[in-house]
Amino acid sequence: MKRYSAFSIFREALRNNSGWQRAWAAPEPKAQYDIVIVGAGGHGLATAYYLARNHGIANVAVLEKGWLGGGNTGRNTTVIRSNYLQDPSAAIYEKSRSLYETLSQDLNMNIMFSPRGVMMLAQTEHEVRGYKRTAQANALQGVATEFIPPARVRELCPIIRIDGPRYPVLGALWQPRAGTARHDAVAWGYARACSAMGIDIIERCEVTAIRSNAGQVAGVETTRGAISCGKLALVVAGHSGHLAEMAGFRLPIESVALQALVSEPIKPCLDVVVMANTVHGYMSQSDKGEMVIGGGADGYNNYTQRGSFHHVEETVRSLIETFPMLSRLKMLRQWGGIVDMTGDRSPILSKTPLGGCYVNCGWGTGGFKAIPGSGWAMAELLAKGHSPLAEAFGLDRFREGRFIDESVAAGVAH
Amino acid sequence: MSHRLPSGGRLIDRATTLGFTFNGRRLKGYGGDTLASALLGNDRMLVGRSFKYHRPRGIVASGPEEPNALVGLGQGARFEPNQRATTTDLFADLVAQSQNHWPSLDFDIGALNGLMSRFLSAGFYYKTFIHPRAFWKHLFEPTIRHSAGLGRPTSEPDADRYEHLYAFADVLVIGGGIAGLQAARTAAESGARVMIWEQSAHWGGRAPVDDPDVEGMPPDDWISATLHWLRAQPNVTLRSRTMGAGVYDHGYALGYERVTDHLPGLDAPRHRLWRVRAGRIITATGAIERPLSFAGNDVPGVMLAGAVRDYVVNFGVAPGRRTVIVTNNDDAYRTAITLHSAGLEVAAVIDARARATGDLPQRARSLGIRVMTGRAIARVRGGGRVTGVDICQHTGTGAAGALIACDAVAMSGGWSPVVHLWSHCGGKLIWDAGAALFRPDPARAPTGADGAAFVAAAGAANGVMRGAALLADARAAAAGGDAPAPEPEAITPVWIMPAAAGPGLRAKMWLDFQNDVKVSDVQQAAREGYVSVEHAKRYTTLGMATDQGKLGNINGLAVLSDAQGAPIPDVGTTTFRPPYTPISMGAIAGEARGDVFQPLRRTPMHDWHAAHGADWEPAGQWRRPYCYLRPGEARNDAVAREILAVRGGVGLIDASTLGKIIVKGPDAGRFLDMLYTNMMSNLAPGKCRYGLMCSENGFLIDDGVVARIDEDTWLCHTTTGGADRIHAHMEDWLQCEWFDWRVYTANVTEQFAQIAVAGPKARDLLQALGGLDVSSGALPFMSWAGGRLAGIPLRAYRISFSGELSYELATPAGHGLALWRALVDAGQDLGVIAYGTEAMHVMRAEKGFIMIGDETDGTVIPQDLGLGWAISRKKADYIGKRAQERAHMTDPDRWKLVGLQTLDGSVLPEGAYAVTDARNANGQVVTEGRVTSTCHSPTFDRGIAMGLVRHGPDRMGEVLRFNRVDGTTVEARIVDPCLYDPKGGRQDV
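From first to last, the protein sequence lines are chains A and B.
Remember, our numbering sits 41 above the position in the first sequence when you count from 1.
Remember, our numbering sits 574 above the position in the second sequence when you count from 1.
It is worth saying that the hints were derived from the structure and are not from the lab.
Since we're looking at a predicted model, the values are computed, not measured.
Please note that the accuracy of each hint is not assured.
In silico contact screen, one side only, chain B against chain A (beta carbon under 7 Å); selected entries [what the hints assert, rightly or not]:
#1 723
#2 729
#3 795
#4 822
#5 1152
#6 1171
#7 1236
#8 1427
#9 1461
Ideal Cβ placement from N, Cα and C applies to all residues, glycine included.
Let's have the full structure, built from the sequences with the hints guiding it.
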């Protein structure tokens, strides 16, 4: 892998950018790997990366039925934060956030992590109490957050209307080191680094069956031939149930479309990420200038990655109340992504009833921010059979009732 | 230079002169002009700057595909950034500014980026700005952000209003060109309810500009005759200025009507969003011309050939005095002929094809127009404006031959059907290699619930560009059946010009004019492995500008397919997403803004509270008095005063917001037994019982008192926030699981005003009103009775949330204020006061009563809260029962409800955790409890709290440490949660 640098850009510019190499190789699948990861989204690629980097396991293939990063990694609203209430959540999301801080340097690709700060607005007394509690919990979890008064909210975000008629801003939970990143670059950066370490990333390779032998995983059938493996990781948000069915077990998840939209680009006017859970909307401004707006999830299960209108309407309506300036901007584009929802809205990183087969799914609406931490924990789980970060997220918790419920702190929006 | 012709312009009214302002200059146009045509008429070709290199940008197109001519329109509360000049109708005193430049449009410092362009190729920012880490946040990112963006942000609240309209149609036709008009007519003739939308102010589309005749008539005559017929039909609705914005599942379509954009200040909604459910949708959305990729194709003065003739024919405006036309197809010769007929000079037609022998080229030649076949433009001369073109062999590398001086270039790379609306809901495309275009694949149309196609494309949107075939195609789309095959288009695909251009030229060939994506960028992306069309798009930003790739995407993916040696259909297109062109957020929100955005709910006594010092607290959509402030009184003092007044005398609280749900029917008792953890079917009429409701997962979701009204009627009280949620929860179970149970539910929350009268003198107060016997004998604790007090009909419930003798009086909402006033008046001698929610909260905490949302957070089961007594052991099942039997739910180490008292009497911080010295495997402090409610108790004059502590009830007297946000801790002792009147003597008297 040739390193990216200002010098490499200068050198290539002088020869009409003709010397750039492929960011990641496009190999033919081998017959056998130590570990096969299904799904080359952020989570799958990060898992592969940390398998090689932290555990020295590089005989790994990442299989992708379409183009890498083409699922939720490439269609989310890029919020990165770790101000979660429950200990297991705070642990994995904070690990993730801290990895994001140095990810550009680690991957030698600018993923544009922008620690511009995330504020979660409290617009009811109930939310005030909930966020004060979260701030207390975060202090004990090593997550730097504080509950800030309305005047400070206004200072950080001048376009906000503090005293709206319906949902006045009563304060906010502020995480200054949270922010955003360039979502596609996260996938590309991991893919490039994986490829440089000898991991095979195989796009346009759909898994059609999972082979097992005496309760132990043996390999997968794909549209590009059979591949055997020692261990198998299913990391396919939106299709988890489908793959689990191939592996012979069921998952306690539902798949729904989550809605998002962007405005036309304007000059910078919003320097932080604002989340308003009472009104189900969140917003940041991309480096290109678009207002990136996340809405709610559709109220019915489906697999189409399409936008629907009613959530967009609700979200925009609510955000205009808090940001009146939005009214004369225009919606450029809306889209939907399919998210896995578990009963407690927390993810699953777990062994499964099939020996050697592991699953990483159920990130719901909050997967992007978790990519590095999820990959870190999943790699450890695959390599060692257990991981402190993944411990609480096992499948058994649904049977035992050991839920990790973030609803009090997170509401609908992650 | 661009200029107004002495005559002509079918859409303008030369008798109406309109003054307008562009960049502070006062200019003149005519009625019927667009802002773009008016600017061209004033020789304003340069109208903006591009996104990345801040290159000078001129008008390219004449419709919604325009990527360059974006302006800030209007002022103050009516300012709007990024308005397309090509779709903005001119009006008197319009004010517009160009965007994305500093200090001025003509001299822009940002244009220095262009000099650096070879260093700023595709994806350069992913490869640099990596070190040192802090520089990204503090230097690089702010710099990039300020350079990017387009228009100035809006700042003031919107002065306009918007509305939504709802409609049904059997057939919705999107697009009012001749194909759309014909399809609407055919559908209407069959008796269908038809709606047809046209995005512009004018019907007929391109036909009046392009076609000599339609069915033997002059196009304008055919259009007005068809319109006349359609307007006369009762089953046809026509809307112009209405763009089809999106097609969604089940025949749902969004239309975006721009009602007063051209009539600002008119007392009408600015935009109207049509939300239509259609049986079938016909997309007659026309086609968009493609640019050609030659070096310098972005210089102002280079325009689409179709747009050039639009400006001449429709607006009497010529983009130049001497125009070179460059093409790979016959259609562009129409522009040559149009210009010639208008008396303008056509320097040459440069045709990349080896031969051009069709009718149009022959007509052009016969008019004396110079046609050069097999030639290409090597490069465009000029910086801010075209001054000439270098001509070369198309098959070569671009070695320049002759220079042709000109001040405009009209280019045509062929036409692409507008397939966006077809594609929004899953319609697929096929590549027509002969015509070099993607057209809808009728075999893979969007399908409805019945599996049948609900979208059909017609006319140019279907790849059938003109003539009788187009009308036949429109009829077929509306009536079914097959249309005859259209005549093949006379075109040879040209994706870069000249065909063997070297890297120097390719780095000057623009694909995306707004985002500055060039042929070289897409080729570089392919070289770096970004070969999926989505990767290439995202890596280069091709097609991500405000035009969403309407001009550049097909050219870009052709370059991409060439770079990988894969056929175009294998590369595919990026996903088409709604809206077709951007729509205002205001239109999306509609009327629901300000006071009517989730209108405030008011109890019948709301105004009384306001008049008596209510300090409001939002509670869902309600406002409730937190306390009543007397002049000069602080919040805390008011709360303390209210509590002491209730505990020592009597107080009133407006409890109307509490949810009230009637559950009625032969199976109502059985239903409530499933819904609540305790037994409700055996409650006797006239009695009340406190009940708990859990989710399927066993967690406590709501509580409240249930009263049995008669043999088959129960009234369930819910929390204020729970009223709608619990009613929906009931209906969910009734409709999805127990649909055969005979139960009827009704949410009557707003039908009753409810007043809690609490305090030792509560009975005295009610007796002073006279009427209903409220003695303990007639109305014992946890019972209810109906009757009148002070002549007002009501129900009196003997229930208490304060620990005092208490009645909750429910009266039909219309009597609420009268009853409240009667209580206030009659209670003067007893010292009655009104108290707010905070006094209620504190009193219930003193009493150890739980509050949903404080003691519960979706992870707490009733057993955690010492509410085991409210769980029936007799019942076989209730919602949540099985879940509560799971291992973790019965773990003796669960956190359970206790009271907490700080050793120093202070108030525990909200949300504080009980900390230990241990750390878990992830380095987090191990906690063993948390505060759920905390306040100062005026009754005990100290801080009191409730909390959940690891097997807390077994640890009475133990002292725990709770954290503060500053890192210090405070000690508190575990005590019984019920501090006030533990035996309950005061409430049951």
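Tested hints:
| no. | hint | in the structure |
| --- | --- | --- |
| 1 | 723 | holds (3 Å) |
| 2 | 729 | holds (6 Å) |
| 3 | 795 | violated (37 Å) |
| 4 | 822 | holds (6 Å) |
| 5 | 1152 | holds (6 Å) |
| 6 | 1171 | holds (5 Å) |
| 7 | 1236 | violated (26 Å) |
| 8 | 1427 | holds (6 Å) |
| 9 | 1461 | holds (5 Å) |
Going through the hint list in order, the structure does not satisfy hints 3 and 7.
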